[in-house]
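*Asks:* Below are the chains, spelled out letter by letter.
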Amino acid sequence: MVSSASSAVADRPGVAAIWRALAAVPDPEIPVISVVDLGIIRGVEWRDEEWVISVTPTYSGCPATEVIAGDIGRALVAAGVARFRIETRLAPAWTTDWIAPDARQRLADYGIAPPGAGTVVSSQIGQTGQTSRIDISALHRYRSEAANVPCPRCNSTRTRQQSRYGSTPCKAQYRCDDCLEPFDYFKPH
Amino acid sequence: MASDQQLLDYVLRLADSDLILAQRLGEWVGHGPVLEEDIALTNVGLDLLGQARLWFAYAGEVEGRQVGSSGAGRSEDEFAYMREGGGFRNLLLAEQPNGNYADTTARQFYFDVWHELLLRNLAVSRDRRIAEIAAKALKEVMYHAERSADWVIRLGDGTELSHTRMQSGIDDLWMYTGEMFAADDTDLALAAEGVAADVGALLPAWRDRVAAVLDLATLTMPSAAWMQRGGKQGVHSEHLGHLLAEMQSLQRAHPGAQW
Chain A
2 MVSSASSAVA DRPGVAAIWR ALAAVPDPEI PVISVVDLGI IRGVEWRDEE WVISVTPTYS
62 GCPATEVIAG DIGRALVAAG VARFRIETRL APAWTTDWIA PDARQRLADY GIAPPGAGTV
122 VSSQIGQTGQ TSRIDISALH RYRSEAANVP CPRCNSTRTR QQSRYGSTPC KAQYRCDDCL
182 EPFDYFKPH
Chain B
10 MASDQQLLDY VLRLADSDLI LAQRLGEWVG HGPVLEEDIA LTNVGLDLLG QARLWFAYAG
70 EVEGRQVGSS GAGRSEDEFA YMREGGGFRN LLLAEQPNGN YADTTARQFY FDVWHELLLR
130 NLAVSRDRRI AEIAAKALKE VMYHAERSAD WVIRLGDGTE LSHTRMQSGI DDLWMYTGEM
190 FAADDTDLAL AAEGVAADVG ALLPAWRDRV AAVLDLATLT MPSAAWMQRG GKQGVHSEHL
250 GHLLAEMQSL QRAHPGAQW
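If you read the sequences in order, they're chains A and B.
Each position in the first sequence, counted from 1, maps to that position plus 1 in this note's numbering.
Each position in the second sequence, counted from 1, maps to that position plus 9 in this note's numbering.
What the hints contain is simulated information worked out from the structure, not anything from laboratory work.
Be aware that one or more of the hints could be misleading.
What follows is a list of derived Cβ distance ranges for each label pair [unchecked claim]:
1) B/ALA234 <-> A/ILE87: 27 to 35 Å
2) A/GLU30 <-> B/GLY209: 53 to 61 Å
3) B/GLU169 <-> A/LEU181: 45 to 53 Å
4) B/LEU197 <-> A/ALA24: 47 to 55 Å
5) A/ILE87 <-> B/SER177: 28 to 36 Å
6) A/ILE87 <-> B/GLU202: 30 to 38 Å
Derived contacts from chain A toward chain B, CB cut-off under 8 Å, selection only [claimed, not checked]:
7) CYS63
8) GLY81
9) ALA83
10) PHE85
11) LEU91
12) ALA94
13) ILE135
14) LEU140
15) ASN156
16) SER157
17) THR158
18) ARG159
19) GLY167
Reference listing, derived: stretches of chain B covered by chain A, where coverage requires no fewer than 3 residues with Cβ under 8 Å from a Cβ of chain A [unchecked claim]:
20) 36 to 48
21) 81 to 92
22) 107 to 118
23) 121 to 135
The beta-carbon is built from N, C-alpha and C at its ideal position, and this holds for glycine as well.
All chains, please: the whole structure from these sequences, using the hints.
*Replies:* Structural data, given as structure tokens:
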């Protein structure tokens with residue numbers, strides 16, 4: 002994959018080392034999961050004599066996006082990566098289905114109800130003839146009242162939504178009717 | 010064949026409606042009727058602001074490749090902060106004042122239903138960048154549309170007072186909805202090439218959805234035929250200037266200031 006360029010910089014870190022470095026970069030607002038767990042790192046490749054890290058935004062206006070880019074840059078420098086650039090990749094659009102399975106448990110332990118797996122079908126990049134098209138035919142509306150969200154503290158499913166939005170763009174506010182605690186729900190997106 | 014100038018105007022329309030509505034929603038910070046709604050409104054605004062930035066970034070690239078340009082188009086900040094009112098291409102609906110909570114809800118509902126339909130079309134645009142931004146924004150806007158419809162129903166089918174206010178909001182803003190479906194030469198030239206959506210064709214689906222929600226909300230669908238126009242061509246209501254005065258004041262006093 003990178004053999005053509007490997008002789009140019011003999012001692013540069015390999016792709017596995019870069020993924021390891023990225024896996025240690027926490028989400029700035031949810032520090033128990035990394036940017037890799039979150040599914041926003043869409044590619045690491047050697048291109049034109051530098052590493053290109055492709056990152057996709059979660060929500061268009063998420064203020065953490067710029068912080069994340071800065072954190073990634075610092076982590077790569079610390080890992081000895083001299084030449085890299087961070088590229089934004091918009092399609093296919095990020096979905097919570099890309100959050101790593103073990104990260105869902107860490108979210109719950111942290112007090113945030115994780116999004117159900119496979120609850121939202123994202124847009125896909127499809128090929129039609131020579132040009133690739135974005136296929137949104139499988140995208141469906143998420144109905145919040147249909148969700149059965151277990152309380153991350155007591156596991157009760159007697160919970161209800163307080164607001165469709167929460168402390169960050171990716172969360173909604175819920176309340177448990179058994180333990181009476183409010184909690185964040187990571188919205189399927 | 011559509012020109013780069015038409016593409017630039019079109020992308021700026023998308024960017025400006027998002028930006029101006031985001032600014033309006035931002036005015037609710039600290040003033041929401043309940044904390045949860047304060048947060049919800051500003052989160053919707055944040056999504057729209059993020060979408061506006063994606064459109065502005067693309068507008069800058071389109072401007073940069075125009076014949077006779079120096080190669081660099083304007084930046085996101087230059088588009089947002091350094092244009093006069095007449096340079097803005099947003100829908101008149103987006104700049105209407107917040108009013109009471111029902112007015113804000115009516116404005117958002119009309120906009121969200123249209124926005125979702127528009128983005129569904131743009132997600133299959135032949136312009137790859139437009140398609141990518143639209144497919145991204147669509148996921149956020151589907152959620153907005155669900156929320157604003159719920160509030161129309163809740164307030165319309167609520168107390169006597171909330172019903173009266175919701176009906177007023179729906180009635181008062183009706184005349185700003187026609188512009189969303191009125192295609193001009195720019196729309197038509199780009200739609201003919203599969204780059205832009207055929208906005209006129211979105212109207213039946215919009216009316217069906219609005220009528221269904223108003224019915225559930227026990228509200229009456231307005232029937233007035235006369236519609237305001239001009240936002241997409243830069244002819245605005247008196248409200249835009251006041252909004253820009255607040256939004257742009259810092260960059261006007263200190264051009265190029267950075268956080």
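*Asks:* Please flag the earlier hints that this structure goes against, numbers listed from lowest up.
*Replies:* Those not satisfied are hints 1, 2, 3, 5, 8, 9, 10, 15, 16, 17, 18, 21 and 22.
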